[in-house]
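**Student:** Each protein sequence line maps, in turn, to chains A and B.
As numbered in the numbering used here, residues 276 to 388 make up the first sequence, in order.
As numbered in the numbering used here, residues 276 to 388 make up the second sequence, in order.
Check before you lean on any hint, since a few could be wrong.
Copies of one chain are not kept apart here, so a pair can be met inside one copy or by any two copies together.
The calculated DSS-like cross-link candidates involving lysine-lysine, where the alpha carbons are at most 25 Å apart (straight line), are [to be verified]:
no.	residue 1	residue 2
1	Lys-354	Lys-304
2	Lys-299	Lys-354
3	Lys-304	Lys-328
The hints are simulated quantities; they were obtained by calculation from the structure and are not laboratory data.
There are 2 protein chains.
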Amino acid sequence: MYVANVLEVAGETVEEGAVGVRIKWMIDKHKGAPNFALRHFTVAPGGHTPRHKHAWEHEVYILSGTATVTGGEQEHRVKPGDCLLIPPEELHQFRNTGTEPLEFLCLVPNDSY
Amino acid sequence: MYVANVLEVAGETVEEGAVGVRIKWMIDKHKGAPNFALRHFTVAPGGHTPRHKHAWEHEVYILSGTATVTGGEQEHRVKPGDCLLIPPEELHQFRNTGTEPLEFLCLVPNDSY
Chain A
276 MYVANVLEVA GETVEEGAVG VRIKWMIDKH KGAPNFALRH FTVAPGGHTP RHKHAWEHEV
336 YILSGTATVT GGEQEHRVKP GDCLLIPPEE LHQFRNTGTE PLEFLCLVPN DSY
Chain B
276 MYVANVLEVA GETVEEGAVG VRIKWMIDKH KGAPNFALRH FTVAPGGHTP RHKHAWEHEV
336 YILSGTATVT GGEQEHRVKP GDCLLIPPEE LHQFRNTGTE PLEFLCLVPN DSY
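Isolated chain A (complex conformation):
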């Protein structure tokens, strides 16, 4: 069993269309994950992820903060405890519209990275 806490893992700044976004790769194929990766994101107030789409899905769990998430033509206000499935090829973006850091988990299949 591999165990790591989010407070112990170094984050990286997300570039390419992101503002105020940090990512921590907590579990991935390099640590032995057979199928999918667990990443922890922090988005500063006013920050956002890239507005983009790709061939793989996201499964997301909102840990803290509030955000507006666009998925295709839909826009959702999300809060802690919300679980999101963003299907492959859907245009999407997370924007921190609150005053606290937005934290969420985002999982992706191994063949996406």
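Go by the hints and put chain B onto chain A.
**Tutor:** Just chain B, lined up with the frame of chain A:
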């Protein structure tokens, strides 16, 4: 995009060797997930999951509470923010050794259910 909050989804009692365990299947193949499922677990104080092993991995994120988790010959005290990779065929068990409910996310590949 599919969105659901853990407070809105009905849970099921986990049987077969579990005590005080509830599961909510938040995202799975029946909701269109291509590769893996996101489940939310609650374990009451004093409760535990089955001590078992199987052919697929678990990726776990501890949301609240404290627990003792066995994985093979190892035993870990875990806390919020801990991420666990339990590899295929490793014997494992979660025991809530605290006084508050233990809540965690546990993700599994689609071919396991």
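**Student:** Now tell me if each hint is right for this structure.
**Tutor:** Comparing the hints with the structure gives:
| no. | hint | in the structure |
| --- | --- | --- |
| 1 | Lys-354 / Lys-304 | between (29 Å within a copy, 23 Å between copies) |
| 2 | Lys-299 / Lys-354 | both (21 Å within a copy, 18 Å between copies) |
| 3 | Lys-304 / Lys-328 | both (22 Å within a copy, 21 Å between copies) |
Of the hints listed earlier, there is not a single one the structure fails to meet.
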